[in-house]
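Student: Protein chains in written order, with the numbering used here: chain C, 17 to 621; chain V, 17 to 621.
Treat each hint with caution, since some may be false.
Any copy will do: because identical chains look the same in the list, a pair fits if it lies in one copy or spans two.
As the list claims (entries may be wrong) - Dumping the calculated DSSO-like pairs for lysine-lysine here, alpha-carbon to alpha-carbon at most 27 Å:
1) K484 / K606
2) K463 / K537
3) K537 / K484
4) K606 / K419
5) K420 / K261
6) K606 / K463
7) K419 / K261
8) K484 / K530
9) K418 / K261
10) K484 / K463
11) K484 / K532
12) K600 / K530
Note that these hints are calculated values from the structure, not bench results.
What you are looking at is a predicted structure, and each value in this text was computed from that prediction instead of being measured.
Protein chains: 2
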Amino acid sequence: MWFKRWLLGRPLATTQAVHERLSNPVGLAIFSSDPLSSVAYATEEILLVLVLAGTAAFHYSIGISIVIVGLVAILTTSYRQIIYAYPSGGGAYVVAKSTLGEFPGLFAAAALLIDYVLTVAVSVAAGIAAITSAVPELHEHRVGLGLLAIAILTWGNLRGVRESGKMFALPTYMFVGGLALVIVAGLGRALFGAPVDHPLPSVSAMEGGVTLFLLLRAFSSGCTALTGIEAISNGVPAFRDPAPKNAATTMIWMASMLAGLFLGITLLAHIYGLVPREEETLISQIARISFGGGALYYFMQVATMLILILAANTSYNGFPRLAGLLAQDSFLPHQMRNVGDRLAFSNGIFILGLSAAFLLIIFRGDTHALIPLYAIGVFLSFTLSQTGMVQHWRDLRGRGWKKKFAINLTGAIATGVATVVLAITKFTHGAWVVLVLIPILIGMFRKIRWHYNMAEWQLSLTMYDRPKSPPPNIVVMPIGSVNRPVIIALDYLRQRAQDIRVVHVDVDPEETAKVKEDWEKWGAGVPLVILPSPYRSFLEPLLDYIERVRQESPGGWVTVALAEVLPARWWETLLHNQRALLIKAALLFKFRVIVTDVPYHLGPY
Amino acid sequence: MWFKRWLLGRPLATTQAVHERLSNPVGLAIFSSDPLSSVAYATEEILLVLVLAGTAAFHYSIGISIVIVGLVAILTTSYRQIIYAYPSGGGAYVVAKSTLGEFPGLFAAAALLIDYVLTVAVSVAAGIAAITSAVPELHEHRVGLGLLAIAILTWGNLRGVRESGKMFALPTYMFVGGLALVIVAGLGRALFGAPVDHPLPSVSAMEGGVTLFLLLRAFSSGCTALTGIEAISNGVPAFRDPAPKNAATTMIWMASMLAGLFLGITLLAHIYGLVPREEETLISQIARISFGGGALYYFMQVATMLILILAANTSYNGFPRLAGLLAQDSFLPHQMRNVGDRLAFSNGIFILGLSAAFLLIIFRGDTHALIPLYAIGVFLSFTLSQTGMVQHWRDLRGRGWKKKFAINLTGAIATGVATVVLAITKFTHGAWVVLVLIPILIGMFRKIRWHYNMAEWQLSLTMYDRPKSPPPNIVVMPIGSVNRPVIIALDYLRQRAQDIRVVHVDVDPEETAKVKEDWEKWGAGVPLVILPSPYRSFLEPLLDYIERVRQESPGGWVTVALAEVLPARWWETLLHNQRALLIKAALLFKFRVIVTDVPYHLGPY
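Use the sequences and the hints to build the structure in full.
Tutor: Here you go:
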């Protein structure tokens with residue numbers, strides 16, 4: 017326990033959860049680390065595809081980048097409408113579910129969960145690549161360094177979100193400022209300075225000439241620049257009032273920066289005639305030439321790493337929150353809904369960290385290997401959001417709805433086309449994994465929901481025909497010999513005068529009110545004790561109470577009775593009894609305490 | 017359950033345990049497979065040491081073999097006395113403990129347990145080598161084949177010992193007959209026949225000349241021929257009346273066969289000038305030359321394999337029985353004492369099989385690698401037995417005790433010297449493992465005994481100050497919401513009229529009588545139900561009874577209360593609660609059954 021405290025900090029009371037509202041510059045820094053950081057690898061990914069047709073094909077990168085910037089503009093306009101329509105935060109799951117129905121919602125949710133994991137893996141891999149570009153000796157340790165970064169992120173997020181706000185502002189602006197300086201310096205040097213003293217390697221075509229398919233593949237790879245662009249629209253309530261307006265303004269700023277930096281980098285790479293290399297990232301090459309090495313170059317690499325790590329952190333907000341929403345709707349185990357005593361969704365954070373670490377190990381920390389899996393999920397959820405908004409405006413038909421309808425329709429068509437392009441061009445390079453995983457996840461969601469529905473029906477009191485008097489009980493005690501434990505157990509069984517106290521820990525006032533009301537009706541006169549829990553912990557107030565009861569009757573027993581739900585299939589136990597398990601583990605070695613499980617068997621269905 | 021039945025056969029009632037008494041020829045076959053089978057490798061092991069001084073040193077093998085046969089004679093004479101002194105079976109543990117005290121007894125027990133495991137590993141490895149000598153293609157699969165043999169042995173023994181008796185006679189006599197034929201044919205061919213058409217390889221010295229140490233090492237390796245020689249003395253009660261006389265006679269027969277075959281093989285190897293080879297065993301080479309290949313040769317290899325596998329089987333009788341004796345004396349966990357429903361010590365059989373498989377894997381199924389660990393334990397227990405007998409005669413001083421005293425003294429000195437020679441010459445080749453393991457095992461035995469002593473003291477009722485009236489009980493039931501399981505649990509807790517039935521399964525009539533008597537005194541008027549158990553199973557009669565109680569009160573609950581001992585240290589839980597665990601596992605998914613653990617915490621000591 018002390019270890020947990022030391023690691024995660026003291027618990028935070030529910031009342032401490034008042035939102036820390038963000039100013040626009042801080043909000044920009046927090047929500048933009050994900051999209052802005054993708055500038056660090058998007059251009060390189062485009063060139064990595066074009067290089068297959070030889071360096072001669074590199075001039076296509078300019079055109080491709082302009083198309084992508086066009087997509088940024090369309091998406092930004094579309095998302096500004098979502099900000100106003102869903103001021104409480106409209107993730108793709110919420111939008112698609114409320115406008116298109118459950119199945120599209122789950123589709124978006126599955127795509128997003130996968131992409132959150134990939135965001136962590138890709139960003140961490142790219143962040144480590146920024147460092148190993150500057151210090152090549154570390155290249156062979158990149159998996160270990162990546163795992164370390166994931167461990168730190170997971171730990172930081174288990175400590176809770178309160179600290180993370182301000183941490184973000186600095187690295188984001190360091191990166192944006194630094195990269196702007198790189199571009200200005202680079203363009204300046206190219207236009208007015210000495211000719212660049214850099215060998216221009218020329219690679220000849222490996223896969224034949226430039227085909228349409230190759231250009232589309234390059235476009236698909238470049239689309240990673242758009243990942244995370246929707247972050248601001250998910251986080252509207254975090255802005256100061258008027259939140260939607262501030263968020264919409266911030267979105268414009270973010271999009272402008274993204275477009276400017278992305279175009280600038282692509283242009284510089286073209287001017288310098290750079291070729292992607294295994295040991296050094298493209299923007300490391302650019303920064304090295306622009307700054308001519310030295311302190312500024314290293315500063316740039318550190319800033320790149322920091323913003324990428326912080327981009328990974330965006331998923332640590334998004335994944336657990338989405339998992340929590342899904343758990344709320346019974347599509348994931350209910351324990352994903354639990355907010356830890358530091359006000360963080362601990363279970364979701366933990367699962368995200370584990371999955372990302374798993375991916376990083378499988379793909380050996382290689383950004384390029386992960387990229388083909390990436391973005392497809394993001395674009396699927398873009399398309400579903402936009403389509404949802406199209407439906408939204410058709411249903412609503414408010415003032416000037418046709419214009420809004422047209423904007424989102426454009427967004428839906430643009431992202432839809434991009435999704436199809438992505439799926440086709442990257443299918444054999446890894447996108448198939450995502451396309452297989454999504455239906456599996458959807459199946460899982462529905463299976464879990466179905467179980468909870470069936471269980472709820474079986475647990476409900478509405479149809480319960482309570483026996484007139486409590487059913488009889490026969491106690492069987494097998495003994496091997498007559499000894500102290502046997503006699504003590506016998507005397508425990510012989511006592512009749514029982515003092516029954518039903519206890520409810522007040523984690524959620526609404527739930528507590530319901531329990532009180534229900535108990536009036538069903539409690540058969542047995543008293544109900546309500547235990548306050550300022551830190552939302554279920555266990556600690558209960559253990560304290562049991563301890564007090566033990567003190568109350570020094571020689572006596574305390575029987576802790578647990579009404580336990582036993583499902584018919586083994587995997588369903590994962591969906592129940594988490595609390596019962598915790599209680600049993602905590603009481604295992606307590607003296608004079610007896611735990612009795614009263615099982616309730618769920619029938620098969 | 018049906019799977020267990022199918023695998024192990026229907027349970028056997030305790031009354032079916034009447035001993036199947038053995039005639040002398042059958043007894044000889046059963047108890048001699050271990051010593052006689054060692055002829056299959058003993059000569060080879062001598063030559064493998066002598067070859068280090070070149071083939072020129074091979075003629076020493078004759079002298080060494082004669083010394084070993086001398087040891088056989090001394091030991092046989094000594095053990096005949098043990099047969100008469102301990103007609104109920106005198107293993108080294110029993111003899112050493114009753115005459116020399118607890119520590120020498122544990123010393124012998126530790127040495128024996130290790131050697132039982134080694135007997136299985138060595139015999140199986142040598143048995144597989146007999147087959148791979150005939151079919152070299154199987155050489156690379158020797159570990160897999162060895163594991164298969166161990167699995168079959170373990171399975172056969174879990175089925176119980178009843179079937180194994182007659183199975184033994186045939187292979188033993190096949191081997192003895194076949195080998196006698198090999199020797200006769202071989203000697204005939206050498207004396208009267210054509211000169212052997214076999215290249216005589218000549219190996220020059222690898223480790224300098226013949227030293228005393230080398231000769232002693234060769235002697236040590238040859239001592240493996242003596243392993244198992246004591247088997248008959250452990251199994252006296254299995255013989256027909258007059259058991260001691262029949263056993264003693266059988267012992268002479270066994271010793272004569274052993275001496276004859278061993279000398280014959282050594283002589284033939286010398287006459288043929290054979291050199292041990294990696295791919296083919298020495299006796300395979302001898303048989304091949306004597307029979308000139310063909311069906312008789314293959315028959316001989318199969319017989320060799322069979323007797324070696326059956327030699328391994330000897331340990332499957334010895335190890336579990338010794339472990340059971342140690343458990344009876346609380347030196348091993350009490351569950352080693354349990355006789356399964358097929359009248360076999362299932363736990364011991366299982367542990368032996370696992371340990372031998374482990375050894376076989378570590379040493380890659382190589383007989384020569386295992387040999388240095390072998391025999392030292394056997395000789396330690398020989399020495400302790402003989403020394404114990406020396407003490408026995410000094411204490412007893414019956415008619416003609418001096419002669420008996422002198423015989424056992426000779427045995428003790430001879431085996432003592434051999435033990436020291438073994439320990440020194442094989443120390444660096446692996447004997448150190450055994451010499452390290454023995455004190456560890458002894459420490460474990462004593463630690464376990466100490467725990468049981470302390471626990472017994474804490475469990476005893478003699479000093480128990482029973483409270484005048486049963487201590488009070490407060491029931492705490494934590495609830496999250498009010499639903500069916502909660503209300504059902506509440507009604508369970510609210511009922512007061514309890515019908516308590518204390519149940520004892522009559523596995524051992526003596527124990528049951530004690531329980532009845534104790535219950536009179538301590539039972540506080542609560543009825544005691546005795547359940548008969550013809551198959552000694554604890555669980556099945558209990559589950560049947562619980563089922564009957566469930567039928568008896570169709571709508572009601574059955575609470576199964578377990579008085580559970582909770583030790584202070586985790587490893588101590590291995591020494592308790594085995595039955596409680598079984599009961600809980602069996603009742604886990606039973607409807608209307610509630611298991612209540614009433615813990616009894618052992619204090620630290």
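Student: Look at each hint and say if it fits the structure.
Tutor: Structure-based check of each hint:
For a Cα distance limit of 27 Å, the shortest separation of K484 from K606 across copies, 24 Å, qualifies, whereas the shortest one inside one copy, 36 Å, does not. In this homomeric assembly, K463 and K537 never come within 27 Å of each other (Cα to Cα): the closest approach is 33 Å inside a single copy and 58 Å across copies. Proximity of K537 to K484 under the C-alpha cut-off of 27 Å is restricted to the intra-copy arrangement: shortest distance 15 Å within a copy versus 39 Å between copies. In this assembly of identical chains, the alpha carbons of K606 and K419 never lie at most 27 Å apart, being 68 Å within a copy and 65 Å across copies at closest.
Taking CA atoms no more than 27 Å apart as the test, K420 paired with K261 passes inside one copy only; the shortest distance there is 17 Å, against 109 Å between copies. For a Cα distance limit of 27 Å, the shortest separation of K606 from K463 across copies, 26 Å, qualifies, whereas the shortest one inside one copy, 38 Å, does not. Taking CA atoms no more than 27 Å apart as the test, K419 paired with K261 passes inside one copy only; the shortest distance there is 19 Å, against 113 Å between copies. With identical chains, the CA atoms of K484 and K530 are at most 27 Å apart within one copy only, with a shortest distance of 25 Å there and 44 Å across copies.
For a Cα distance limit of 27 Å, the shortest separation of K418 from K261 inside one copy, 21 Å, qualifies, whereas the shortest one across copies, 113 Å, does not. In this assembly of identical chains, the alpha carbons of K484 and K463 never lie at most 27 Å apart, being 37 Å within a copy and 56 Å across copies at closest. With identical chains, the CA atoms of K484 and K532 are at most 27 Å apart within one copy only, with a shortest distance of 23 Å there and 39 Å across copies. In this assembly of identical chains, the alpha carbons of K600 and K530 lie at most 27 Å apart only when taken from the same copy (26 Å versus 35 Å across copies).
The structure does not agree with the numbered hints 2, 4 and 10 stated previously, though it agrees with the rest.
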